[in-house]
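Peer 1: Respectively, the protein sequence lines represent chains A and W.
Each residue of the first sequence is one higher than the one before, counting from 1 in full-length UniProt numbering.
Each residue of the second sequence is one higher than the one before, counting from 1 in full-length UniProt numbering.
Mixed in with the good hints, there may be bad ones.
Any copy, or any two copies together, can satisfy a pair, since identical chains are not distinguished.
Unchecked claim - Simulated pairs of lysine to any residue, SDA-like, Cα-Cα distance not exceeding 20 Å:
1) LYS213 / SER195
2) LYS163 / LEU111
3) LYS16 / GLU117
4) LYS16 / ARG89
5) LYS42 / GLU135
6) LYS16 / VAL116
Worth flagging that the hints you see were computed from the coordinates, not collected in a lab.
The lines below spell out each chain.
Number of protein chains: 2
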Amino acid sequence: MKVDRSLVRHVPLFDKMADDQLDRLLAHAVSRRAPQGSQVFKQGQPARSFYLLLHGHLKVMQVTSDGQQIIVRVVHPGDLFGFAIALQRSDYPGTAVAAADSVMLAWPSDLWPSFVEHIPSLAVSAMQTVGQRLEEAHTRIREMSTEEVERRVAHTVLRLVDKAGLHEKRGIRINFPISRQDIAEMTGTTLHTVSRIFSAWEAKGLVEGGRQKLLVLDVVGLAALADSTRRETD
Amino acid sequence: MKVDRSLVRHVPLFDKMADDQLDRLLAHAVSRRAPQGSQVFKQGQPARSFYLLLHGHLKVMQVTSDGQQIIVRVVHPGDLFGFAIALQRSDYPGTAVAAADSVMLAWPSDLWPSFVEHIPSLAVSAMQTVGQRLEEAHTRIREMSTEEVERRVAHTVLRLVDKAGLHEKRGIRINFPISRQDIAEMTGTTLHTVSRIFSAWEAKGLVEGGRQKLLVLDVVGLAALADSTRRETD
DNA sequence: CGATCTGTTGAATTTGCTCAAACAGAGTGG
DNA sequence: CCACTCTGTTTGAGCAAATTCAACAGATCG
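Input sequences plus hints: build the corresponding full structure.
Peer 2: Shown next as structure tokens:
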């Protein structure tokens with residue numbers, strides 16, 4: 001079960017780590033594949049492992065008691081996920097679903113404390129990661145409190161461009177299959193509204209849609225829309 | 001600048017800590033008072049200190065570029081706050097305002113790394129705290145995505161009851177001055193809507209309002225309303 | 001090739017916001 | 001003590017954004 005150092009060397013979480021420490025860490029890692037649509041772990045399950053995404057994209061979802069679903073966050077390559085254990089939780093707070101075929105490393109949760117103990121920089125990095133995640137959550141709360149749907153959708157798409165954008169001749173492609181429903185669940189609206197918004201944007205030449213596909217043609221225009229202080233876009 | 005151990009002994013963050021460690025920690029602490037309405041720190045300021053609230057209540061707010069305000073969270077006694085430094089940030093992401101006269105301990109941010117190094121349990125506790133905060137943020141996102149305003153307000157009030165409730169003969173009093181505007185900023189709505197909701201609740205005998213005052217008469221009824229799966233309350 | 005999934009679009013409806021006006025209570029100063 | 005002001009609260013009316021309802025079209029897949 002050899003995992004090569006170069007696979008994770010570029011990950012911010014590990015870039016300050018000495019080679020031998022990194023090797024010791026990787027010695028306990030198991031690599032795992034998740035085909036598109038499969039679940040890596042489920043909400044409520046005991047958190048037996050924590051993960052690092054190497055390739056692909058995951059959606060972390062939560063289901064409410066009355067069956068409604070939201071996407072808590074999207075996991076991109078290089079992101080640590082499922083580390084409930086570090087936050088002193090015994091179960092996963094959400095369900096991780098592969099949005100595209102994905103590859104990840106998995107460590108047994110039991111090992112976390114000893115890792116942190118022996119590799120202090122890991123604790124610092126982990127703390128930083130959680131801190132960023134908290135900030136993202138606050139950003140989302142702020143947007144949901146103060147912005148109308150169209151601007152929220154614009155912000156969400158721009159974040160996707162940033163995290164999962166692939167440059168093409170005609171624009172920037174979101175690099176994994178994503179539906180209107182998904183975007184609705186990320187912005188707190190309905191797929192109907194998202195569909196209408198995308199149709200309007202398409203008419204304006206900002207984006208180009210398609211079944212589970214999204215190509216952003218005019219990032220600047222979209223950003224202008226996202227930052228516009230109410231009613232200037234006409 | 002002596003700070004007594006007993007002041008903080010009950011705080012979860014410190015309850016597993018040895019006496020001598022705690023004393024070493026407290027040796028560097030400075031106590032500080034914030035009269036009602038005063039700011040403890042401002043959004044964007046360099047994060048020179050981190051704090052522990054001993055007494056009172058604070059609101060942490062963020063202002064959007066176009067001037068709108070939201071309340072990111074409410075700080076209650078025993079909560080650590082303003083520890084941006086632990087998350088590797090150099091400035092405060094929000095503004096902390098005293099909702100009531102408050103007393104807190106302050107430590108220079110510089111000391112955080114050495115504290116964490118010498119007191120490993122502090123790192124674990126801090127991580128846990130941030131984790132809980134992240135979960136709260138996700139709960140709020142979930143509520144804002146899936147629930148109508150009335151239920152969100154109900155949930156918010158119930159959280160206040162839990163964190164800042166004071167038992168009285170007639171019901172449970174929220175133990176610090178809080179306005180409709182505040183609750184609007186916590187739930188992502190307007191003070192008008194909150195006022196209307198409270199008026200309706202008052203008519204039903206669930207709560208009793210007043211200028212910056214809130215007395216919850218029927219916690220169970222409120223909880224029923226908060227958990228009702230759409231349109232059953234009539 | 002039917003069945004299913006995703007997306008589109010119109011129409012009716014509703015929620016909650018904006019605008020507007022008035023009111024209540026606490027504190028202030030004459 | 002009373003008029004005045006400030007701040008927070010209440011309430012109505014109209015309106016707009018977004019949801020719900022509904023029907024359909026095009027892809028995709030077994």
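Peer 1: Quick check: which numbered hints come out false for this structure?
Peer 2: Violated: hint 2 alone.
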